[in-house]
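Visitor: Spelled out, the chains give:
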Amino acid sequence: MSATQIETGCLPNGLLVAVAPRGAVPLVGLRLGFPSGAAVAGPRRSGLAELVLGLLRRGAKGRSAHAIDEALETLGCDLATGVDDDALRLGLAVPSDRLAPALALLLDLATAPTFPDRELGNARARQLASVRSSLDDPGSVAERALHVAAFGGHPYGDPIDGWSRDVRGLRRPAAVEFHRSVFRGGGACLVAAGGVGEGLLRRLEREGRKLPSGGGEAAVSPPPPIEGRRVLVVDKPDAQQAHVRIVAPGPRIDAPDLVAALVGNVVLGGGFSSRLVDEVRVARGLAYGVGSRFHPRHAAGLFAVRSSTRVAETAQLVGVCLDEIARLRDGGPTDAELAQARAYLAGSFLVGNETGEQVAATLAASYLEGLGLDWIDRFPRLVMEAERPAVAEALQRHLPGPCRVVVVGPAKALERPLRRFGPVEVVPLARML
Amino acid sequence: MTRAALDLPAGLLSPIEARLDNGLAVRLLPDPGSPLVAYQTFFRVGSRNELLGRTGLAHLFEHLMFNGAARYGPREFDRLIESRGGRSNAYTSWDVTAYHEEAPADALDLLVDLEVDRLSALRLTDESLASEREVVKEERRQSVEDSVQGLIDEELQSLLFKSHPYRWPIIGWPGDLERLSIEYLRAFFAAAYAPSNAALWIAGGFDPDAVLAMIGRAYGPLPRGPALAEPAGDEPPQRGERRAEVRHPVQTVSMVIAFRAPPARDPSSADLDALQAILGFGDGSLLVRDLVHHRGLATEVDVDFAWRIGPGAFVVWLELPPGVRPEQAEAAVWPHLSRLADRGPEPSHLARAKSQMEVALLRELSTGAGRAHALGSGEILLGSLDAARGILERIRRVTPRSAKAAAAATFRRDAACVVVARP
Numbered sequence: 001m002s003a004t005q006i007e008t009g010c011l012p013n014g015l016l017v018a019v020a021p022r023g024a025v026p027l028v029g030l031r032l033g034f035p036s037g038a039a040v041a042g043p044r045r046s047g048l049a050e051l052v053l054g055l056l057r058r059g060a061k062g063r064s065a066h067a068i069d070e071a072l073e074t075l076g077c078d079l080a081t082g083v084d085d086d087a088l089r090l091g092l093a094v095p096s097d098r099l100a101p102a103l104a105l106l107l108d109l110a111t112a113p114t115f116p117d118r119e120l121g122n123a124r125a126r127q128l129a130s131v132r133s134s135l136d137d138p139g140s141v142a143e144r145a146l147h148v149a150a151f152g153g154h155p156y157g158d159p160i161d162g163w164s165r166d167v168r169g170l171r172r173p174a175a176v177e178f179h180r181s182v183f184r185g186g187g188a189c190l191v192a193a194g195g196v197g198e199g200l201l202r203r204l205e206r207e208g209r210k211l212p213s214g215g216g217e218a219a220v221s222p223p224p225p226i227e228g229r230r231v232l233v234v235d236k237p238d239a240q241q242a243h244v245r246i247v248a249p250g251p252r253i254d255a256p257d258l259v260a261a262l263v264g265n266v267v268l269g270g271g272f273s274s275r276l277v278d279e280v281r282v283a284r285g286l287a288y289g290v291g292s293r294f295h296p297r298h299a300a301g302l303f304a305v306r307s308s309t310r311v312a313e314t315a316q317l318v319g320v321c322l323d324e325i326a327r328l329r330d331g332g333p334t335d336a337e338l339a340q341a342r343a344y345l346a347g348s349f350l351v352g353n354e355t356g357e358q359v360a361a362t363l364a365a366s367y368l369e370g371l372g373l374d375w376i377d378r379f380p381r382l383v384m385e386a387e388r389p390a391v392a393e394a395l396q397r398h399l400p401g402p403c404r405v406v407v408v409g410p411a412k413a414l415e416r417p418l419r420r421f422g423p424v425e426v427v428p429l430a431r432m433l
Numbered sequence: 001m002t003r004a005a006l007d008l009p010a011g012l013l014s015p016i017e018a019r020l021d022n023g024l025a026v027r028l029l030p031d032p033g034s035p036l037v038a039y040q041t042f043f044r045v046g047s048r049n050e051l052l053g054r055t056g057l058a059h060l061f062e063h064l065m066f067n068g069a070a071r072y073g074p075r076e077f078d079r080l081i082e083s084r085g086g087r088s089n090a091y092t093s094w095d096v097t098a099y100h101e102e103a104p105a106d107a108l109d110l111l112v113d114l115e116v117d118r119l120s121a122l123r124l125t126d127e128s129l130a131s132e133r134e135v136v137k138e139e140r141r142q143s144v145e146d147s148v149q150g151l152i153d154e155e156l157q158s159l160l161f162k163s164h165p166y167r168w169p170i171i172g173w174p175g176d177l178e179r180l181s182i183e184y185l186r187a188f189f190a191a192a193y194a195p196s197n198a199a200l201w202i203a204g205g206f207d208p209d210a211v212l213a214m215i216g217r218a219y220g221p222l223p224r225g226p227a228l229a230e231p232a233g234d235e236p237p238q239r240g241e242r243r244a245e246v247r248h249p250v251q252t253v254s255m256v257i258a259f260r261a262p263p264a265r266d267p268s269s270a271d272l273d274a275l276q277a278i279l280g281f282g283d284g285s286l287l288v289r290d291l292v293h294h295r296g297l298a299t300e301v302d303v304d305f306a307w308r309i310g311p312g313a314f315v316v317w318l319e320l321p322p323g324v325r326p327e328q329a330e331a332a333v334w335p336h337l338s339r340l341a342d343r344g345p346e347p348s349h350l351a352r353a354k355s356q357m358e359v360a361l362l363r364e365l366s367t368g369a370g371r372a373h374a375l376g377s378g379e380i381l382l383g384s385l386d387a388a389r390g391i392l393e394r395i396r397r398v399t400p401r402s403a404k405a406a407a408a409a410t411f412r413r414d415a416a417c418v419v420v421a422r423p
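Taken in sequence, the protein lines are chains A and B. If you count by my numbering, then the first sequence holds residues 1 to 433, one letter each, in order. If you count by my numbering, then the second sequence holds residues 1 to 423, one letter each, in order.
For the record, the hints were derived by calculation from the structure and aren't laboratory data. Do not rely on the hints blindly, as some may be mistaken.
Stated by the list, open to error - What follows is a set of in silico ranges between Cβ atoms, one per label pair, in the way DEER data are often shown:
(1) A/R431 - B/W334: 34 to 44 Å
(2) B/R123 - A/G152: 44 to 54 Å
(3) B/P32 - A/R171: 53 to 63 Å
(4) B/E327 - A/R180: 40 to 50 Å
(5) A/C10 - B/D266: 47 to 57 Å
(6) A/G152 - B/D414: 53 to 63 Å
(7) B/D266 - A/G121: 41 to 51 Å
(8) B/A70 - A/R431: 46 to 56 Å
(9) B/D109 - A/D254: 32 to 42 Å
(10) A/A100 - B/A405: 34 to 44 Å
(11) B/A70 - A/A312: 31 to 41 Å
(12) A/G197 - B/A360: 18 to 28 Å
Stated by the list, open to error - Every beta carbon over 10 Å from chain A, so not counted as near; a handful from chain B, in silico:
(13) R44
(14) Y91
(15) S120
(16) L122
(17) T125
(18) D209
(19) R224
(20) A229
(21) P263
(22) P267
(23) P311
(24) S338
(25) D386
(26) A408
(27) R412
(28) V418
The model shown is predicted, which means the values in this text are computed figures rather than measured ones. Ideal Cβ positions, reconstructed from N, Cα and C, are used throughout, including at glycine.
Taking the hints into account, I'd like the entire structure generated from these sequences.
Guide: Following this line, the structure appears as structure tokens:
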């Protein structure tokens, strides 16, 4: 594989701009990313980052929400936004010949939102309704619960769309202040990839100057470690299935053995021929889906196994997953498993970077995570170079041990069989609001 | 503001076509610079080919296709593909069962070998059937019994269709899964998975002449197989509004307002695609703008018109905020539908919808897998390869007048089906 062609520039406000050609289709993926996310919103402000991102298009630079909608849709675009604990992202996919107006609009939305009171009130009401609605889906409930189980009162323990009690209190000054502190050039990036033409870098530089300087990654202190094994049951009496998550802290984004851990996880629960799929789905027919993942972050990573099964088999599912975690942690992968995991991870990365949009997303994410723009070429190489001792060591270090087992389902049927895995705490569904 | 028409690279929508003597349709989309290959096999079989009492057959069978064949045994299919850096999956719809793989281009020979092995000598055992039946039951619990959307959709399809096989769920009724025996599955395999009932699409970095020769050698010996019987597709006219209610302990009330619509091959389906975008694509669409942002009568709006071989369905989905009654939300939807039926869309709304649809299509065509899927599913559902090649033109053909006619024929109060889910 030849190296990805990337043209870059850095502006006085700290913004990195980058352009990368990819593919023959006349479409460009644009990404504007900022190196702080939901974790810096402050105490009792969970959900604020999500609210602010959603409000960018509800009024900006003298334009109403309706005018912005019309402008975007005339271009054929939709604004994609994303927020996690450590970063914020805006994205557009736009035909190459419409790039100039789309880029100008994107920067207007990011730099000059007006946060009209009426729009803010409506958006807050929608966010509250959405949080409530998520309780109808056991999988979504499990996702809300797993973060608090793993990280407790640390900002990483808050759901991205927030706790209802916090969202209800979000007001315009908090939104304005969050926007002012995070949407700055320092540590941020503006990336275009796909059907890019001559002179695009200069255009990105011109538009990128609209961002004020300053900002940069705000430090988030690490959460306390977890000890022992405990079970959290979120009571959903009507559920036909129990949704299971097994979570623990994982490697940080800057961990030297990050790639080795990612390769090793494929053996456990990546892809469709992992040990977990073999043991849970193929051998026992317990679940439709099962997988495991490391989610590396700045202050602390997360390890999670995710699955769901009929309520009566929940303890069997949890037991099989814990056994497989321990077996891989203590015994390491075989040479054949390792070779397959390396090929799968490197190949999936290639498949996942076929289009301009995908490349723009990868470049922006790797820059914001401090991995460097060349990660797109380095990562598959590092994966293929991961040796068995290094992978075995990384798995020993990062697969839990101490963990939290989170189960969403009817507590009455679940509490007793789950006691064998540790002390069980049962909370009502409403606790996840 | 209007925009110039998009230009697509030459050949993007023009596959190399071939047909083997056994009837297998082969379609190649070579992209010489690509390091990847997308491999998709479409079988013209879905839940519409099932019988009452044996529902869920096509979907359960899709699961069994991954459980080993003569040369590559159980667990080998995914293991081998993943060991070459690829991934595979499949889906079953009302009309189609599709198997798809994406991998580095040098894995193409392996993909051919694996696919031919399972088509020529699939292992069907009582053990694998028993295990996959349990997996499918879990899938059903997850996607239907614990899902408001799943419960509503199941209720809706049986309200929209009285006679047509579309009335039962693709995943099947739970009791029927128990009735599917190995013998029944073997007979299904012989007819539904014959090469004469399939189309193979390959996109990506390869030499088309060499690949055509390889496909001929590998698939050529497979027997043609019996013709699959065309299912009965009669559906009596709807003689008035139909309503149903789903009682479920939900936090949020949801509802759908739906209408039967023409098959995808009907020219007016392009108009319904455009009406779908005008009503529900993006914050500026008619229903999202009015119900979500102006009046707060919905928190989510989704409008769906999925292409089908048989009669289609046009579905407006609403999620309601606390305190809003379904009757209020429904009353707010009707004026938009009636206005489209009476006057047609505003030209500016139609232009914006077309622009959005063109860009959405361009995004789909950006990957080899997207191109193969857009054209491969289009060939079956739109009725011909020519129609599939015209997927961009069908967007451009729509006029306010043609959209008005499609809206008038579809959005009729006496033809509505309404389902509400509430605690």
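Visitor: Which numbered hints does this structure break?
Guide: No hint contradicted; all consistent.
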